[in-house]
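Asks: Position chain B against the provided structure of chain A, taking the given hints into account.
For the protein sequence lines, the chains are A and B, in the order given.
Position 27 of the first sequence, counted from 1, bears residue number 27 in the working numbering, the numbering being contiguous throughout.
Going from the second sequence to the working numbering is simple: count from 1 and add 1000.
Hints are computed from structural coordinates only; laboratory data are not their basis.
Certain hints may be false.
Below, in silico cross-link-like pairs of lysine to any residue (SDA-like), each with a Cα-Cα straight-line distance of 20 Å or less [said to hold, decoys possible]:
{"hint": "1", "chain 1": "A", "residue 1": "86", "chain 2": "A", "residue 2": "168"}
{"hint": "2", "chain 1": "A", "residue 1": "86", "chain 2": "A", "residue 2": "131"}
{"hint": "3", "chain 1": "B", "residue 1": "1267", "chain 2": "B", "residue 2": "1230"}
{"hint": "4", "chain 1": "A", "residue 1": "167", "chain 2": "B", "residue 2": "1187"}
{"hint": "5", "chain 1": "B", "residue 1": "1167", "chain 2": "A", "residue 2": "187"}
{"hint": "6", "chain 1": "B", "residue 1": "1267", "chain 2": "B", "residue 2": "1223"}
Number of protein chains: 2
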Amino acid sequence: MSEHLRRLSLNQKTTNAWSLKEAVDGCLRHGIQSIGVWREPVADIGLDKAQRLIRDAGLRVSSLCRGGFLTAEGAAARQHALEENKRAIDEASALNADCLVMVVGGLPLGSRDLPAARSRVADLLDELVPMAADQGVRLALEPMHPIFTADRGVLATLGEALDLAEKYPAETVGVVVDSFHVWWDPQLEAQVARASNRIASFQVCDWITPLPADTLLSRGIMGDGHIDFHHHYDLVTRAGYHGDIEVEIFNADVWAANPDTVLALIKQRTLTQVLPPTT
Amino acid sequence: MSEHLRRLSLNQKTTNAWSLKEAVDGCLRHGIQSIGVWREPVADIGLDKAQRLIRDAGLRVSSLCRGGFLTAEGAAARQHALEENKRAIDEASALNADCLVMVVGGLPLGSRDLPAARSRVADLLDELVPMAADQGVRLALEPMHPIFTADRGVLATLGEALDLAEKYPAETVGVVVDSFHVWWDPQLEAQVARASNRIASFQVCDWITPLPADTLLSRGIMGDGHIDFHHHYDLVTRAGYHGDIEVEIFNADVWAANPDTVLALIKQRTLTQVLPPTT
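Bound conformation, chain A alone (with noise of 0.2 Å):
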């Protein structure tokens, strides 16, 4: 293992077909020292016997994934709300995760209140943030790609997340830089460098066109696609992020591939299309 991968994360969405037992496997057995982990896959073997497969691994966990889903209407959705996050929260500390990634949530079904559904997101927010640093947890506020505005995460730039975070303690209230999300920004250059130590997160995929037909599975291997990962890497760098590259890929084709194969291409990937180059 290169030590140039040392800050390699897997996100095992990446390898979505491995148990989360088979993903901390395949980081060993890649050399990969760091992973991203899931809620489903964990509660799949319980939250004790995940944190113990992690530890005794000697894995750093990179982020959670995932909290928020926060824009629902009515008092009933709005305490549901707070109570999934606080378990996802109470997860992210017994799992010693870098981060808890928020997904805020879309427009209500029927909603067409784009304002008042991100107003929810910062009320909610609020009630998070002391439960947050109570259990020492970073919320990662995550902006999506417009292409989700509607049904997946009504925070869509880098700015507008920073906006919201900056009410809080930067230890409490991060936020993900994941180049898919916001590789098409005029802004990007401006927000990463105002971001600085509120980067929670740096996440890579790629934009690949034409774009796969289910638009939740339509991101690419760095290198397949539009972005460029090395000016990203020089974006956060320069802000002063120095922390782990988590590689997650929603990928029907990558989800069919041997999960091995993947992580040697994702290696490889990082190594040319990511870091710089060594000299």
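Replies: Using the frame of chain A, we list chain B on its own:
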């Protein structure tokens, strides 16, 4: 025809199966007083004939689509883009169009240098503005939804379009506010207000989910998706825009329907979904 619909314009892409003559006849049959035309169907019958056809019908021309595609690399491509846009400007002048819609183009094949592509747009615009001013034509920069940044339009936000436009007189360089392209933007309210007398065109069509497999044909009829058009109407009106409201829908189902049925439907939806309720 309701007086309330006097500002409705049919962008002829909405009735893609119709020739320009059929679209003009359709407008007359349905009492629609304005049309947005495309260069290709104009070329099909020749500019002089198109000009007479529209003038004799007494229709306004709310826009000519389209100029742009300014991002290609190299001197030959640059020269080609200038010549093509010069022709488009001449046509917009001949047709007495309110504006020439500028779709600026995506990343050149194989390039990942988004800032460079954007700076080529600024560079060519600098040459095109005097040509447009000479002909009394208004260029309308169209920010496109970030789903199209890679392959169609590197201009991704209204703010970015205004940064470009504001270097020139408002009567020569304006912007398009197309609901489909800008609805997700957290800065929408601020940027439409800023746009003020630069709003050269207000286009409407809906963001629908799930997104159709061909993203180019993913636009819905107003009311079928997630956009609050009343809100957009209020924003552009408060910004001082009182021009045409152009319905431009790229959608395979709409294109397969009887165009007369489509015209009746967009009239109804413009009344119920876009214009303020009559009291």
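Asks: Against this structure, judge whether each hint is valid.
Replies: Hints versus structure:
no.	hint	in the structure
1	86/A / 168/A	holds, 18 Å
2	86/A / 131/A	holds, 7 Å
3	1267/B / 1230/B	holds, 15 Å
4	167/A / 1187/B	holds, 19 Å
5	1167/B / 187/A	holds, 19 Å
6	1267/B / 1223/B	holds, 12 Å
Of the numbered hints listed earlier, not one is contradicted by the structure.
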